[in-house]
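Counting from 1, position 40 in the sequence shown corresponds to residue 702 in the numbering used here; the numbering is continuous, with no gaps.
Because the hints were derived from the structure by calculation, they are not lab data. Treat the hints with caution; some may be incorrect.
[Said to hold, decoys possible] Here are the simulated lysine-lysine pairs, BS3-like style, with alpha carbons at most 25 Å apart:
1. K745 <-> K798
2. K820 <-> K835
3. K798 <-> K820
4. K736 <-> K835
5. K677 <-> K713
6. K677 <-> K745
7. K745 <-> K862
8. K713 <-> K798
[To be verified] Derived CB-CB ranges, DEER-like:
9. L943 <-> S764: 30 to 40 Å
10. I859 <-> V927: 23 to 33 Å
11. T856 <-> L791: 49 to 59 Å
12. L943 <-> K820: 28 to 38 Å
All C-beta atoms in this analysis are idealised placements derived from N, C-alpha and C, irrespective of residue type, glycine included.
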Amino acid sequence: ECFQSGTPSYRYFFKVYVWCCLPIFAIAFIVLIGLARLVHHNQSIVTLRGKVINQHIWMILLVTYLVLPAVTNKQFQSLDCIKLNHEGLSFLRVDSEISCISSNYVQFRSILIVFIILYQSIPILWLLLLYRNRAKLDRQSKDHNEALELHDRDNNTKLDHIRFLFQDYRVSKWWFEVLEMYRRIVFIGVLPLTSTITSKRASFGCYLAIASLIYFRENQPYRHEFTNSIAHVAQVTILLTFFAAISIDTGVVIDVGMGDLGIGVFLVGVNLLVFSLVVVLAWSQYRQRQIEAQWRKALNTREFSVVRRVMNEEEGRNAVILDDIEGDIELPQRNNPMKSVEEKDKAVNEMLKQYLLRPQDVVMI
């Protein structure tokens, strides 16, 4: 009866179930292919089997990452009902032909809640995988240096299957993708359910946007300054959008003579400006990295061991000259040991700058 062919509820419920089940079928297919590959490599070396397992774990995690926001949005939309208090009726906001008090919808909602719990546990699974590898993601060494730890993390092949979960973040923020995903879920899924009054929902959105703005501004979670700046601007745009919603709902825009069209044009202009800024800055970063790639050389084990010697002040205070490295990098003699972490960071960063310069541009010290 719940899936009586041709009824509006059947069509909508079936569409939601498809949204929820397709990613599960895709993951099941990946698992089956992985099992088939493992059977095929049954007599192969252990490292090859481990590589196959990591490849399929990566594919499964990538599928969950790509589909989670969209599926979550569809799921929470199916819980958003409009109540008509004077008649005691309730209808689904996205499809007003569906009654939220009908037996069909109640049955559908019970099944949907199971799917919601399943999908909302996905970021927790990410966190568990990241936590198991936390020692490789953030060594928390006494002589902490961000550049060295990022280098080690980027070159650790054992982290490849979960790399996209932490690659864009600083060493100490290896867990941030989980928080970011739940933040997005709250904005797109939970926020519309907080109230049936537009101004209240927009107010909650403003509070969340302000909290996000403060966090991104103060913590700078991304490893590249460019990405942190874009994230900061994005939070300002979200805040302006919710503030505009409050202005429209409360009639403030009419009082200032703008009207709904005026505020709409303003928001479109702001978003276009932000988009243009992102494109220009991204192109600038891309060109800069292209130029650097023409002469940048990767640091080998020998070179990084020298950098660590600067940080750890090994082998006394005598100057060390690397004749076997192109460009001849020299470490200066120091009369006094570097006691603070800041001093060591500065010394290491200076070394890194020398390594990243073209040989003819290296200044001997």
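Structure versus earlier hints - violations, ascending order = 1, 4, 5, 9 and 11
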